[in-house]
Each structure stands twice: as C-alpha cells, then as structure tokens.
Amino acid sequence: MSESSCHASCVPGDHGDSMEIVKSRTKSRALAGAVGLSLLLAACADDEKPLNTFNPEGPAAQSIDNLIGPIFWIAAVIGVLVVGGGIGLAIKNRVHPDDYDPDDLPPQIHGNPKLEWGWTAAPAVLLIFISVFTVFSIWDLEEKNTPGGGVAACGDTGDLDVLVIGQQWWWEYRYDIDCDGFFEDLDGDGVNNTDVWDADDAEWPLEIALDDDDVSVANEMVIPAGQQIDLTITSRDVIHSFWIPRLNGKRDAVPGRLHTWNLEADFPGEYTGWCTEFCGLSHARMRMNVIALTDSEFDEWLANQSTPADIPPEGSEAAAGRETFQQQCASCHIIWEDGLGKDAIYTGARNEGDADRQGRDFEAALAAKAAPNLTHFATRTVMAGAIYSTYVGLDANDNDLNKGQENETYLAQYNDLPEAIDESDDSLGVLRWNRAQLRRWIRNAPDQKDMAPDDLLGMPAFPGLTDEDLDNLIAYIATLD
Amino acid sequence: MAIIEQEPSIAALPSGAARTAAKPLGAFSRPRNPVGLKNWLTTVDHKKIGIMYGTASLFFLLWGGIPALLLRLQLARPNQGLLSGAAYNQIFTMHGTVMIFLVVMPMGAAFANYLLPLQVGARDVAFPRINAFSFWVFLAGGIMLNTSWFLGGGANGGWFNYAPNNGITYNPGVGIDFWNVGLLIAGIGSLTGAVNLITTVLNMRAPGMSWMRMPIFTWMTLVTQFLLLFAIPVLTVAQLLLLFDRRFDGNFFNVDQGSDPLLWQHLFWIFGHPEVYLMILPAFGIVSEVIPVFARKPIFGYPFMVFSGIAIGFMGWGVWAHHMFVSGIGPLSVTAFAVATMFIAVPTGVKVLNWLATLWGGKLILNTAMLFSIGLVTQFTLGGLSGVSHAVASADTQQTDTYYIVAHFHYVLFGGALFGFYSGLYFWFPKAFGYKLNEKIGKWNFWSMVVGFNLTFGPMHILGLQGMPRRMQTYDASQGFNTWNMVATIGSFILGVATLSILYNALVSYRAWRRAGRPDVGPDPWDARSLEWSIQSPTPEHNFDVSPTVTDLDDFWHHKYQEDDNGVLRRIATGKEVAQPGNGEGVHLPAPSYWPLVLALSFPLIGYGLIFSLWLCIPGVVLLITALYGWSLEPADDLDDDHGHGDHHERELVGANG
Amino acid sequence: MAETTATEDLDHEGAAAAEFADQLNDTPSDFVHHEEHYTSLGLSNMKLAMWLFLGSEVLLFGALISTYLLSKTRFITELVAGNPYVIEGISNGENGALVNEMIAEASVEPLFDIPFTSLSSFILLMSSLSMVLAHKSVTEGNYKNLRIWLSTTMLLGATFMAGQVYEFTTFYREGLTYDGSLLGTAFYTLTGFHGAHVTGGLIMLGSLIYLSFKNKMQMDRAETVELVGLYWHFVDIVWVLIFTIVYLIP
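Just so you know, the sequences run in chain order D, Z and L. Residue numbering for the first sequence follows the working numbering, beginning at 1 and increasing consecutively. Residue numbering for the second sequence follows the working numbering, beginning at 1001 and increasing consecutively. Residue numbering for the third sequence follows the working numbering, beginning at 2001 and increasing consecutively.
Just chain D, with the same shape it has in the complex (with noise of 0.2 Å):
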C-alpha cells in the first residue's frame, strides 16, 4: 500500500514525507520501514514552485488551466501585435528633429468610421467568445459548490463535509462525521443548524458550537484523494481566504457567511495554500496544508482523530507535562479526553477584564478565539499556522519563516539544546520532534510570529515556564498521537 501511494505521489511538487508522517504516526509504530521510503520521497518530490497555479493536479485547477490558458495565448498574441505595432509605427514614422520642416504635413486623416466600427466590433466579437466560455465555466464550477449537487449524500460513501474555520492566524477544520451537521441543536428543536446560525443564547461568532460527534484539527487538512469534498467555509473573525491553488480557486471566509467550495486532488499528496485576504497582522503567517491520502489510509486516519487522546502513565515526564498543560494551557487549548465534551474550551475562555478604550466589551469577538484543538497534535506535520514542521529531518523549510529579528541572546539560550531524536519516537528513525522550535513556541510564541496577545489576537508568551516545564510539555504532546 505505501508503495502504491509513494508511485502515485512522485508526481511533481509533492511532498511525500508530510503524508509519511501523517500515516505512520497515526498507525503509530506500524511502519517501521517508512524510513527508507521517506528519503526516497523527498529525494523525488522538491518542485521549487508548490503554489504554482499552471500546475492543477485537481479537477477544479484543471478546468481552470484549461480556459486560461487559450486566453493567455489570445491575450499574448494581441499585445504582441499592439505592442509591436507601437514600437514599429514609432521607428517607422519618426523624423529626425533636424529634419522637421513645418510644411511638409503627413496626410491628414481624421479618421475612418467604417474602420472605427470595425475595430470596435472585432473585439466585442472576441469578447463575447471568451464570456460564452467564461460563463460556461462559472456554472459548471458552481454546481460542483452546490450542497450535497452532482455528489453523494452524506453518510455515503464518497462524501466527506468539511467545515472550514478561518481565524486569526490558522485554520481549523472540522469533519462531520455523523452526518448531522456542522452544528449543535442549539435551539432545542431536535435539528441541528446546518446553514443558519441560531443565536438564540449567544453573539455569533461566540458559539461555533463543536457537534459532539465531530472531529476538530488544525492547520493541516487530511483528505481523500479522488474524491470531491464539500467545503463550508467560514471565519471566526475577520475575512481570511482559502486557496489550494492545486486543487481549486480561492473562496473567503467572511465572518457570519457560510460558502460552499470544493476540493478534490487526483492523487495523494501534500499540498499547500496560503491564506490569500488580508486579514491583519501575521496575515504572511497564515498558512495551510492539505494531505490527500488513499481511501483506506484516510478512514483510518480519521478513525484514530475519532478517539480520545492517550492519558500518560502516571509519575512519567508526560504525565507532569499534562499538569502543566491543564494549569496553563487549557484555557484556550482543548485536548479532548475520554469523559470531557470535546468543545468544552470553546465558552468561557478569556472573558473577564478585556475592554477597549471605549469600553465595549472584547468577550464576545475576541472568546471565539480558541486555540487549535491539539488532541491528535503528533498526527500533523505543521504547526503555528501552518509556518513550522512539527518534525525535522526531512523538509527542506525547516524552521524556514522565522521573524528575522529574534532576541539573539534568546537563541543563544535555546539553540544549544539537544535536537535529538526524540526517544519516544522509535518508529520514524532519522525523523525527529521539532524540539527546539516547539520550545522556542511554547516559550515566546509573539517572538517567532507576529501576534498581539495584548490585544487578544494570538498566543501569548509563558516566561514563567521553567525548562523542565517546557520538556515535560513537550514530552506529553509527543504521545499525542
């Protein structure tokens, strides 16, 4: 099976190892040899140009290279020809100025109405050509985004739902799995909500509330290949962007609106989008990844996001680390465990004593903020929105978006600290925790990203976390796997 997915992935631009990781950790330790394949994938996968749109490798991104590109061809061909024209009329027709002589007039021509019309209604011409095709192509795209049109219901196979969270400065995503829904009954009626907030109890965007049933992560989205996936696109705060350009078109996320978009990848592999509205300070932040894995790789991918996280063993360095993490974390992070509700982090958090200066109250914007859900955090390849591995050892980027003005004495503290390979972490071999840029996260996230906690947009700094905190942390978030 790995091998079979390994031929489908050499296809250019891919890489490989993320989707390695994303299957190994979920199958936890079943996949020893997946080491050797991993240097061989990242050996055949560096396409220099991940986002480039003249490279679909989805139906969507495909029927959209095919109508620009004979528009591109038309388009060339005109400025070519006006272009040219200009620079050979322009040599062509020039005097010399020592040679002007006032008497000597060019014909003078005031113009020609038939030719007028002509060049008037050749390009109209053209025109209604390229809108025949262009809105041909608006419809066809559209039925696609069209709830539940031209694919499977829910519940069949071959349909997946996913909600799209955007916010400052990450994505979350949301799988329905139960069919029932994005969406908590929140008005008691025995149905859940799918297209229409009921805010009956709550300010939107407070309460997006998790069905119970359903499966949060972050930053990372994990799909099927050759399969359509039903997107509902929305943002929690500001207008956010999402765009695969592989796979399909952007779609914003615009706070209080549900869209509908699509994704579909041909073949497994990773790929990458950047959030494409502007949408504050860390905006070049924003990432995402999308992983497309076989069928069967993904039902038990989601299979494993479908269960509870581990508790650590008692007395053991992950267990301290989930003291820690409840005491200081779990204010904004959930990591969902067998008896709690999975969305029990998402009210509540972060309201007491945040007021502007004019005095409104940041409760309920600002509430919604919750963190990514971490509860399956060792199964993704990214983190912080999408800007560092998790793992080190096979990308190229490792720690590649740093801010550039990092504290150097800060880096001093925290470079010298082992990059070891993670002990916990027997099944991927050369494949090592992100040890040290997790640490520099969990310490000073402000430093290695832009956010302003002050204000409430993003993750604030711990400087009280001692070292030993900060293994500890690391330790237990390792088992989350």
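A portion of the hints provided could be inaccurate.
As the list claims (entries may be wrong) - Computed list of lysine-lysine pairs in PhoX-like fashion (alpha-carbon distance at most 25 Å, straight line):
no.: 1; chain 1: L; residue 1: Lys-2047; chain 2: L; residue 2: Lys-2136
no.: 2; chain 1: Z; residue 1: Lys-1363; chain 2: D; residue 2: Lys-114
no.: 3; chain 1: Z; residue 1: Lys-1576; chain 2: Z; residue 2: Lys-1363
no.: 4; chain 1: D; residue 1: Lys-92; chain 2: Z; residue 2: Lys-1443
no.: 5; chain 1: Z; residue 1: Lys-1440; chain 2: D; residue 2: Lys-92
no.: 6; chain 1: L; residue 1: Lys-2144; chain 2: L; residue 2: Lys-2216
no.: 7; chain 1: Z; residue 1: Lys-1363; chain 2: D; residue 2: Lys-92
no.: 8; chain 1: L; residue 1: Lys-2136; chain 2: L; residue 2: Lys-2072
no.: 9; chain 1: Z; residue 1: Lys-1038; chain 2: Z; residue 2: Lys-1048
Worth flagging that the hints you see were computed from the coordinates, not collected in a lab.
Using the hints, position chains Z and L against chain D.
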C-alpha cells in the same frame, strides 16, 4: 473686454443665502497684490493652484515611493526581517493610499486645474475661491492622514480597508481612524473640485467652443470629474459608517449583530472602480493631446475617442463586483459582472487602436513627451490584457489577491497613468514655466523608467501565477519565489531613481535657462493644436487678452495651417504670429483670499477631535464657522480696486453661510 | 479672429458656429454687462453647481438607503420580535423563506407609529408648497409674501424636526439604542443624515428671512431663493423615499 468669469461664490456647499451689496468690514478686506509665500497661500488663480496640486503630488510621489522601496527591500529575499509584520502592513497600506489618493488623483487635478480653463478659453474656473479651497482641503487631509506616522502608527488595513478587519475590535490603534478621517477630508476637496470644474467646462466655454470642438483632454477630464462627483459620496458614506462604528459603537460592520461584512466591499468598490477609471482617464486625455501634436496629424477618430471615454465613464459603474469574485456574491452576480467587465475592454481597445492609427502615416517627432505617450499606449495595453484575464471569473479565483493583480494595476496605473502624466509634464512644462525641460535627460528619464518599470512589475505577473499572494510581509525559500522577487527589487530601485530624475531635469533645465538669460520659449514651442498654446508662455495671469472665438476643432492649429490654392495644407503663420500678445489691460481678475485656506484648516482640527477627543473638535468648529462667516462677508473683489470698464455693474457679496 | 474659416470636413458645424458668432455679434460686444453673465448653457454657474451638488447628494442618500435595505434583510426579525438573527446570504431564497416563516409566527409588535410619522411627513411635504410660493413671491417682487412663505416653510420644517426628535426619544426609551443593534444603527444613521440636511435647510431659510427683513433679498436675488428651494425640495423628496422604505414597507 471685460471679465468672463462669474463672481466667486460657494453654491457647492448647502446652507448658502445671499444678500445684496453691503460695505465690507475692514477686517474682511482681501489681500492685495501679495508676494512670496503669501501670494501662494492666498491665490485663487487656477494656474497657481494647478502648480500647487502638481507640486504636492510630486512630493507625495516621493513620500509614497520610499515605502514602496522598503517593501521591495523586505521582499528581495525570503524570510527577511527588515520590516516586522506590523511595520510591513502599515507601509503597504500607506503606500497604496498615498499613491492613489495623494499622487495620481491630485496629479490629474493639477492638469485639470491648469489646463481646463485654458483649453475652453476661460479666464479662470467658475468659482476661484472654491478652487483654492479644494486644493487646501485636499492638502490638509493628505497631511493629516500622514501625521498618523507620528501619532500612533499608520493605517494597517490596506487601501481597501476591508471590514471587519478595519473595526475597533481587530484594529484598536488610531491608524485606521487617520485613514478614515484624512480621506474624508480630502474627499471634500475632490467633491468641490468636481462641481467647480464641471461647471467651468459646461458653462464657461469660449464662444463657438461646442461639445465636439472641445479638446480630448477636456473631455476626459469632464468625464473624470463626473465620476468623482458621483463616486466620492459613496466612499464618504462607507467611511462615515466606519467612523460611526469605530467612534460611536455603531453596528454596520459588527457581525455579532448580524451585519454583513460584504456591505463594506460593495460600497468601497462602487466607489473604487469608477476611481480606477478616474485615475486613468486624465492620462488618456493627455496622450490624446500629445500624440497628434508630435505625429503632426489630427487625432484619429475624434468622435470615437470622445464617446469611448464617455462609455468607459458609464460602464465603470457596472463592474465594481469584479473585485469580489471570491467574496461569495453568488454565481449570478459573478456572471453578470464578469461579462460587464469583459466589455469595458471594448471602448478601451478603441482608444488604443485610435492612438495607433494616429501614429500610422504620421511624421513622428520622438521627443520625451511623445515617448512617454507611446509608453502609455504600449504598457497600458499589457495592463488591459491582464485585466481581461481577471474578467474570466473562474480564472480570477486563482489570480485575485496574488501578485498577478499587483502587476496588472501597476501596469495600468504606473505604466499607464503615471507615464501619461510624465508625458504631460514634459509637454506643458514650457507653457507653465516658460522653458523646456532638457531633452537629453528627458530621454534618460524615459528609458530608465521603462526598464525599471518592466523589471519591477513584469516579474510580478509570473510570481502571481506561481501562487504568491499579495500583502505578504515575507515568503519562504521553499516556495520558489526567490529569483523574480530579487529581480523586481533591483528593478524597483532603478525605477525609483528614474522617476525622480524629472526633478533633476527641472533643476538642470532651469539653471541652463537662467544662464542663457531666460530666453522666451514662445507661445507655441511644439507647433501644437489647442487654445492654451495661443497665449504667451508662461501663461499670463489673465490667460486670454480677449476671449477666443472658436470655429473648429483644433482651432488654433487651423490659424497656423490652411490649404493653399492647390488644396495643399501649408503653414501660413507661426504660432507666435497668431498668438495673443498677453496684454491684460482692462481685465479684472478675482482678488486673492485668505478664507479658503482658513476654512480648509478647520477640517483637520475637527478630524483630530474625532480621533482623540470630541473636545478637540470645538476649536475646529469655531474656526469653521469663523471661516464661513469671513468667506461670506468677504467682498467678491476688493472694492477699492481699479476695475476694468466691464466691472462697474452690481457688486455682489455672494454666498452667505455656506 | 472671425476671419478664420473652417477648412475641415466639419462644414455643418462650422455653419452652426458662424450662426452662433453672428448671434453674438448682434449683441453688444461687452455682453457681460447684462444682468446675467454669459454662460455656455444659459444657466447660471450657481444654479448649475447646485444641480451638480444635488446629483452628488443623490448618490450619498442612495448609498445610505442601500445600506439600510441591505441591513434590513438581516434585522427584519428584530423588528417584529426583538430577536437578533443572522442569516446566511441575502440572496439565499431558502433562508428568506425561513425568515418569512419566523415573521409570520412571531407576535407582531410594531415599533413605528405610522400615523404619527405620516402626519409629520405631510407637514414636510406642505413646506415644499410654501417654498414654491415663496419663490413665486420674490419673482413678483412681493416681499411681504416672501417673508410669510419663507417663515411658513421654516415653521413647517421645524415642526417636522420636532416630530423627529420626539420620535427618536420615544424609540430610545423603548430600547432602540444606537449601539444596541444593527437596526438602531442603520435607522438612526439614515434618518439622522436626513435630519441634518433638514437642519441645514432651516439655517438657509433663516438666513433668507433675515436678509429679507433687512431688505437685502429682492428681485435681483430671486435666484438665491430658487437655489434654497431646490435644495429644500430635494430634501423633501429624499424623505418621501425614506418614509416609504423605512416605515411603510415591512
């Protein structure tokens, strides 16, 4: 002969009442023959105001260009930390805002102010004091907007400033408020300017200057001013709603209360798209004046040029939502706006082809002004073609908000509008200042701009289609954007130096002219066609000795060239021979006034009050009322002045409160 | 300059121009001595500027009214049930149906006092009539009537404004605050903008009355009265629209 211009008044503002003559209070007498700085501060002369508009916009070009270079430095290589995210966001926002509102728009206003009255054969605009007010209030708004750098940071929401990111919740700093209030104030100037210039063109044309004898620049500016007249109020509404939201806890863009953030986008782009055309149309007008002069042929298809400009003006109102193809406006709207957008290419294409046809068979003098015009024709065409590819809405879902768009609008606004304005600067410089700019430096200026421009913005097409989004503080080495970003950065520095070299040229040319004993450049140094060349250079203060009577399109040219007995066109006179001698005796001009400046200054005071504390508004309002009172009690002209014989009729104290 | 003749193929235009020039030659060369300045359109600059300004105002109110209409679909249930409610997209028919259903079910408790506002609207419309009469009086040189009609107009306008203030106070007491809901913000902004325009008109009328009492508003200034009248009629027409959209259409 007597004056043509009507007495100044202020009908553009509501609440005006008028009264018949009264002896003016001494305190309100008008400044007399001021010199130096005071002359410029109190002038109501459309030419001086035009020059001030031009100077201000060149200054802001520098002011908005430095941030652009900083942006390019930051993006030269991946993962650089020259600018933090916060700084980058402020800088790109202010770059866009300054370039659009404080460079391209006032540059258009500069040419319009200087040239419209001359081209229609008038002595001044319809309301000279309001004209001065328009400039000062624009400048006050622009400066106020930029003081945000020192008072809490620049705006950081992008020039489009989408809700709800522009709301107090997500943007608690004052930058957005400065953006909002500063542009509201500058907008007042655009609006009064539009009323003034439209009135001038519609009402103050010289005898015989019928619609189809108006120069194309006049036509395009008329369309532009109509676009302003109707577009500015929409932006004003959007900004007032934002102001109410931010300062008075309104809910227009508050999603918690059920509002729709797309409301901002609709309002902004209903303004924003006509805005795009009102930035380019004056440049189209300039090129349509320059090309015929240096091709030595009339413009090809004058009626088509006029009506395509009008068509662009009309169609510009029906395409705003093409900025919103991915905002979720529904497939029906997308279809409608995509098709509408396609067809706005038709009148634009007609213009391009007519320019080419004007070049066809001409005898071209390729001086700097002409080169810049040809530069517009070619580079704008490239921008127009990428524009058509945006209109293919499904493809736009891949293109929008990427560098492909950045490339597109810089080709249109820089390669188009700014090249056109540079052409105009070289062309009309001798008319305004009495000497030509140096041709050799001019050609360096042009070619280095062409190279720098295409090196900067050409690669952005590729970057965008390779997936690089706009407004990104940085990017990653693994994303494959390195090479072209470096090229663009190198290009931008060439472009920066090239753009500024016009100032160097002005300095060198002035010195050479002074050394040569300030020779007279003559009324008509280019053997040109329209009325402004039929008077001395630099333009006499009173413009025309006598109001010209127009019998033809390009009337002035037909005074110089006529068919001889064999039906062959020959030059029968030089421009110098048929030009008016510049004798202003007996012409009475509106006197200068302090009040436009004083009135304009009251607005930023009120603006600071709205941002920091409403108490601060009080001095602003007091000043506003004083200025209105002073304005309305001021005699239209100084009563003691010695007037021409046409001036003995009723002395009006026009205007009142408003 | 008149010796120039048209050489190009614009003969008919040339002829028209010649005719035009002839007309000008019939008049004394210093035609500016006339009461009215010469203008190309034959309309005074002031009047033209006022029309342009009003055209701009149309867009201002157009944008404000559109904003209200757009927002209206989103707070419509609030109107009947005081229940903030968010729907997906304005264009979504499904949700529209849902909203209608909710309206039907809700116990309707109208916020607006239609008869009261109808009366104040009628008063404002009547002021347009008296404004017309004022202009007529000044053109006829009947300054006494001018003062009467201007005062009547101002009185009617002021009555309307008093009604608005009363209405606002009532709504505010009933809980419709500016910052409390989208309806409050949209309603007060739209009607407030109109109110500000009426107030501006009242100031203009006051100035006219003052000048008239000082005998400075005479026949030669009739155009000023006309301009104020134009503005006043515009403000009235806008109110008719606002009244229909905000109050009458559910």
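For each hint, the structure was consulted:
1. L:Lys-2047 - L:Lys-2136: holds, 17 Å
2. Z:Lys-1363 - D:Lys-114: Between Lys-1363 of chain Z and Lys-114 of chain D the Cα gap is close to 24 Å, so the pair holds against 25 Å.
3. Z:Lys-1576 - Z:Lys-1363: holds, 22 Å
4. D:Lys-92 - Z:Lys-1443: Roughly 19 Å separates the two Cα atoms, so the pair holds.
5. Z:Lys-1440 - D:Lys-92: holds, 21 Å
6. L:Lys-2144 - L:Lys-2216: holds, 13 Å
7. Z:Lys-1363 - D:Lys-92: Distance ~9 Å between Lys-1363 of chain Z and Lys-92 of chain D Cα, so the pair holds.
8. L:Lys-2136 - L:Lys-2072: violated, 41 Å
9. Z:Lys-1038 - Z:Lys-1048: holds, 12 Å
Going down the numbered hints, you'll see the structure goes against just number 8.
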